[in-house]
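Chain by chain, the residues run as shown.
Protein chains: 2
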Amino acid sequence: PARMYGRYTQDLGVYAKEEAARLRESGQRRSVADRSRTLDLLEYEKGRCAKCRICTVRCQKFLISRVGEDWIFLILLGLLMALVSWVVDFCIAICLQAQKWMYGGLDSNVFLQYLAWVTYPVVLITFSAGFTQILAPQAVGSGIPEMKTILRGVVLKEYLTFKTFVAKVIGLTCALGSGMPLGKEGPFVHIASLCAALLSKFMSLFGGIYENESRNIEMLAAACAVGVGCCFAAPIGGVLFSIEVTSTFFAVRNYWRGFFAATFSAFIFRVLAVWNRDEETITALFKTRFRLDFPFDLQELPAFAVIGIASGFGGALFVYLNRLIVQFIRKQKAINKFLMKKRLLYPALVTLLVSTLTFPPGFGQFMAGKLTQKESLVTLLDNRTWAKQGIAEEFDYIGHSQAWKHPQVNVFVTLVLFIVMKFWMSALATTIPVPCGAFMPVFVIGAAFGRLVGESMAAWFPDGIHTDGTIYPIVPGGYAVVGAAALSGAVTHTVSTAVIVFELTGQISHILPVMIAVILANAVAQSLQPSLYDSIIRIKKLPYLPELGWGHHEKYNIRVEDIMVRDVRYITLNCCYRDLHNVLLTGHLKTLALVETAESMILLGSIERAQLQSLLSQQLGRPRRLEYIRERAAAEKKLMSVVSNPGSEDESQRISQEVRFQVRARHSCNIWTHGNTSGFAESCLLTLIMCKCKFIAEWEEKQLDEQVNFNNCKIDPAPFQLVERTSLHKTHTIFSLLGLDHAYVTSIGRLIGVVSLKELRKAIEGSVTVKGVKVRPPLASFRDSGTSSSENETTELHKLWDRHKSMSLPREHTPSESDEKSQ
Amino acid sequence: PARMYGRYTQDLGVYAKEEAARLRESGQRRSVADRSRTLDLLEYEKGRCAKCRICTVRCQKFLISRVGEDWIFLILLGLLMALVSWVVDFCIAICLQAQKWMYGGLDSNVFLQYLAWVTYPVVLITFSAGFTQILAPQAVGSGIPEMKTILRGVVLKEYLTFKTFVAKVIGLTCALGSGMPLGKEGPFVHIASLCAALLSKFMSLFGGIYENESRNIEMLAAACAVGVGCCFAAPIGGVLFSIEVTSTFFAVRNYWRGFFAATFSAFIFRVLAVWNRDEETITALFKTRFRLDFPFDLQELPAFAVIGIASGFGGALFVYLNRLIVQFIRKQKAINKFLMKKRLLYPALVTLLVSTLTFPPGFGQFMAGKLTQKESLVTLLDNRTWAKQGIAEEFDYIGHSQAWKHPQVNVFVTLVLFIVMKFWMSALATTIPVPCGAFMPVFVIGAAFGRLVGESMAAWFPDGIHTDGTIYPIVPGGYAVVGAAALSGAVTHTVSTAVIVFELTGQISHILPVMIAVILANAVAQSLQPSLYDSIIRIKKLPYLPELGWGHHEKYNIRVEDIMVRDVRYITLNCCYRDLHNVLLTGHLKTLALVETAESMILLGSIERAQLQSLLSQQLGRPRRLEYIRERAAAEKKLMSVVSNPGSEDESQRISQEVRFQVRARHSCNIWTHGNTSGFAESCLLTLIMCKCKFIAEWEEKQLDEQVNFNNCKIDPAPFQLVERTSLHKTHTIFSLLGLDHAYVTSIGRLIGVVSLKELRKAIEGSVTVKGVKVRPPLASFRDSGTSSSENETTELHKLWDRHKSMSLPREHTPSESDEKSQ
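For the protein sequence lines, the chains are P and H, in the order given. The C-terminal position of the first sequence is numbered 823 in our numbering, with every residue numbered one higher than the one before it. The C-terminal position of the second sequence is numbered 1646 in our numbering, with every residue numbered one higher than the one before it.
Read the hints as simulated data drawn from the structure, not as lab findings. Possibly wrong hints are sitting among the right ones.
Said to hold, decoys possible - Restraint ranges, calculated between C-beta atoms of paired labels, are given here: (1) Arg1389/H <-> Leu205/P: 37 to 43 Å; (2) Arg538/P <-> Cys875/H: 48 to 54 Å; (3) Arg289/P <-> Ser931/H: 51 to 57 Å; (4) Arg1548/H <-> Glu158/P: 26 to 32 Å; (5) Lys1364/H <-> Gln707/P: 51 to 57 Å; (6) Lys100/P <-> Arg1114/H: 29 to 35 Å; (7) Leu1028/H <-> Arg538/P: 16 to 22 Å; (8) Arg289/P <-> Tyr1143/H: 40 to 46 Å.
To be verified - Covered stretches of chain H, as calculated for chain P (at least 3 residues, CB under 8 Å): (9) 1115-1128; (10) 1246-1255; (11) 1274-1286; (12) 1422-1431.
We put the beta carbon where it would ideally sit given N, CA and C, even for glycine.
Could you build the full structure based on these sequences and the hints that come with them?
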């Protein structure tokens, strides 16, 4: 089918775009021919300069021919993103250093110190929120939910523009520079997609196949991998994470694209660090040095399993807490009103609260408050043991590890406080309307939890568990790795966090504990809550299709006939414009079914609403109307010329008639748009028009009774069809495979129903809650409530219409966006 | 659509199966009810024994309710495969030890030593080949190509049976026990799938949803991951490798299944090694101990890139060589004939050649011939440097490393000889008809190549490349890791070999060199040759859809209208049985389009050939024929009774008539099958029949002219439709997404063409070779040649038919299997 991949707003443009691409291509071919002619001409001119020029032209030709190749695009994308990632990291590091410097410089006065500690992040976050709000509100949040929606085939407006890019990069830098518990990983997926979209636009200037939509989707998928890859210098984990998070069905042929671009990007990102003398050679971001020969004992596995299960519950709780905060803020109307007025107050308040609590001389001393996110992670993954025999041991806590040691308080208490405080702080901080992700904060909390379990194990078994000869003490750092992977996996519902931790730490020795913990955490979290990204998709009401979930036995028993809408709006091949008109008024569906006759109901194709509207406006539009008036005037003139024969008045009369019509047209347009006639001043003309009106109304009626001519109308000749007995499971597969928006249900060619994303969503969610075998009644009730609500809207519009029908018809009724979205 | 996923032979059964599953389910529900009634009854009986029984019944009930859950199935599968993998490994180790023991025990006489060294593998391989050949020839080879085909939705007969399982496991153990350069990874994918299929069958005895086909496909995909995972103890790499190798589009919702099962399997596999006291704790299979702080210098990257590019060429060469050998053996008719007669001769000869060349006191001393595959790999990944300043250094080559050191010959020469000899040996050995894979031999060769480059680098830069203070010598073992990943990646066209090496070695420090080399190797190999598995698919002529390849610009310009077959065989809704009959005779398509009328050509659905055949045989079959004859007899009898009224002769006459008809039926059947009448002895009856024949022929003609009643016929009401302007790229996507076999091309409901896998394949392969923009002429020629060949067959059959038409019609024409397959 021409429109296999259901789009929300782009459907109309595809054909036009294809045509444009084709024209451009032929034009380009011509320009290449022109250029080669120039080349020939140049060769006539002798001399060095000419040779140089020939060489340049040839190089240019070669480059342009290569510019369309995938790998050039991917290398450019990787390079660009590595640079962006490095620059952002660099700026964040400077921001954080500045805060530390200020805080350190004011150590004479605690109050001044507090002011500096608190003001700095508040200013940065407020700036970030304000800047993003003004430049591009689409840049707020992580961006992964939006990318998931876009990759499903839905076009979200303004999500891939240059403005959003600028807002996202600057907003993110400021937000992370503030030291709040926020992450850069989600936004980087969005930034990479923005880069890919902009680069694609830029490259299309040089020609090539950058106009093709399916190619663009493929490139966006690769870009998501680059985003994660260059953020963590984790190419493999990046590819896998981006697949898990954004795709439902993944084309394996895109696999190498992701790997290629992500590897290149990660490579450049790390090479930049080497060149900047931060590192001696290319290594992992958070390199660990656990012993290789005996990383863990078999008998430690239950502890790792416990970490996994607890992380599963923790992850679900995090998602729930995050949603709860958003919903609480939204529901409290008083708060909401106040916050809406002072939009920057909420970010400032949250930042104030969080930074007050982490103030190192204050409560922060009990939760390693002075460490940045990166520093805490480095210390948590440390391969030494902090505690032995239950008390903080007096070994030399070098560098940042000191922050975990408190003279009065046990290291266990510090860790517990850190986990609990950071948990709700992260859940709260990620609701701030700035570009930010939740992956990294969750990762750190997970590492702290793992460390806690590890330290407890080390305290419990001071000489390790292993009994045969050699003593292998327990490595709490390994537990931290496991905890980090498990908790971040639970929150995002992904398994690939395991790969990400291996790449981040540069060690794979704990592969089995990590895998076991991540799988258990996923099992628990997936059965309790949606993933963080799906949760945000639901909060933002983006068009989505829920997953079928783990145990989906009952999906094999539900059939399409149980969930389809039987009352399909359709038009027939031999219908007249009046039918068209009525159908357009009574429904809001974006596409309408075209059937042979109302009796046979044989489905011939589907037509977009916009196409029908243009058909209708062509039939009743100004050009035809003017023509009719002109014809009528000519006829009248003939009649008049027989009577009086004035000769020269001819022209002036025609002009006056046209003027009158135009005014009338504007008038009726006013009636349509404003619903009243009060704004109309030219009452002198009104009387003249009124006598004409009858003729025009007659003409309109006649026009409406004509049969529709579908010749110039773009029909999708093969919309997707299902049959009544197709199972819900299969329907879900097909919808997510093809990114469908709706599908017709046919029975031997006859149209009997339609299933849209909405019905499918309700069926899945309904059946998930209703655990019994008999699921038809709740589904039926869902269906009824679904259609009745849309019918209400319809009847209201109908009333409105009836009121104005006697006056005129709309010329060009462009459906408002809300209409489109409600569909 | 009811049959979204195009099947080759199973289409017919799906509906019947679904019904059966439904019936079984309701039956089961009843049985559960029965059981609970039993429970109630039991509770009346007091006493201990009753309580125990109640408990047992309850447990049973609980277990049965759980048995349908995915995770139970996956755990069982993982457990089973881990055991199989461990047992196979154990047996292989014993076999190899036995050979070494024999070889070592006979060190007094070189000739006896040679005999023992050579005879042992020849016997094992011959046994393996013979055993497989007799029990299940489907078990030959790696099995990955077949699994790829099966996961595409094609049903290959006998590939997932218990016999094949036994043949594969025992054949593989013997083949690998012989010490030939063969791998266990490919066969393990097949064995895991066999396990899953058998387990699924077994579990369905307890009820649950094991009958669902799409579930089975999902489970097979997970099984492939388990196969790789438990073979290398590499869960992540296993999942990724299996996805890359077997899928075109991957459902992310299956992801966790693969991870879960593969992790569990790898865990059990390694735990078995710990319990068997082979290992102290769970570690990687080929653990390396490279230094962590400075794994490689940035300036070494060009060397890694060279390994990648060279491996790319090497991989392509390997695939080419492998195919060349198979094709050479097939084409040489004299050889082929001889080999076909003595099927076990080829394996024996190849084994003899290979083992003669590796004989340690002979040529084997120059190529580390006495090492097994595993031992060579361990030594190649060694973290010490073998050579310094270009000559083999006199450090203590402990253990197996000694084999690489030869008193007269440089270690570089040994390595080069090893690489060259093993290269063609592996390519040759994998053509032996035993269960075997090529992954492991290729992996070892790659490691040797990497080691060669590494040793050269170490010789070139004895103090390392790094210039700042500390000396970091070059680690040749790291190069071996890179080489292994690159060459195996190039041969299989996968990127995930990178992950496999990390999991195999337990170190991820060389991630960037490995990724770079693997990607470069893939880029080179993919542009030169298909992957080894695709190559085997082509050799075996399995139904496949080639990939679109790297630069697929032109695919956006080819449209369905360029490749579709316009001359579609169809039947109309109001056709008579004669039309049906003609259509069935003139085409071999497995499904036929059902259109409204020949004028409107509106596509209503598609019907399977088998359905039409059963319709036709119902109309003309024996029951109706007998009925007609009975009626006729009754009418005659009436007539006769009027004339003579004999009373009791009535019955005998009817009997005689029936006998006659039956004989006649058998006769005409003979005519049909043998094409002659010579075998017919009962000439006395012939005359009797001939007079009756006229009536029956008349009846047949009348029957054929009746309109077809489609009421009891299973129609697919929504076959997949494309439009003329759908691009080849999109068509390819849809075909591989949905696993289609064919799709109809419609234009506003009118059927105008059909595209099948064949056309698509030709279009893709044609356009790959024809690099220009204008691709229509070659495509057109492809199409013509394609249809004409099938028409030839048709006309031949037609002639045959015409000859016998005057005599009778076939009763039940079951199409031969070759017909189905030609489609």
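Hint-by-hint comparison with the structure:
1. Arg1389/H <-> Leu205/P: 37 to 43 Å: 40 Å, holds
2. Arg538/P <-> Cys875/H: 48 to 54 Å: 50 Å, holds
3. Arg289/P <-> Ser931/H: 51 to 57 Å: 52 Å Cβ-Cβ, so the 51 to 57 Å window holds.
4. Arg1548/H <-> Glu158/P: 26 to 32 Å: 30 Å, holds
5. Lys1364/H <-> Gln707/P: 51 to 57 Å: For Lys1364/H and Gln707/P the Cβ distance comes to about 54 Å; the hint holds.
6. Lys100/P <-> Arg1114/H: 29 to 35 Å: Since Lys100/P and Arg1114/H have Cβ atoms about 33 Å apart, the given range 29 to 35 Å holds.
7. Leu1028/H <-> Arg538/P: 16 to 22 Å: Taking Cβ atoms as reference, Leu1028/H and Arg538/P lie about 41 Å apart, which means the hint is violated.
8. Arg289/P <-> Tyr1143/H: 40 to 46 Å: Hint holds: Cβ distance 45 Å, inside 40 to 46 Å.
9. 1115-1128: With 7 residues close enough to chain P, the hint holds.
10. 1246-1255: violated (count 0)
11. 1274-1286: violated (count 0)
12. 1422-1431: Our answer is that it holds, as 4 residues pass the Cβ test (under 8 Å) against chain P, meeting three.
Of the numbered hints stated above, those contradicted by the structure are hints 7, 10, 11, listed in ascending order.
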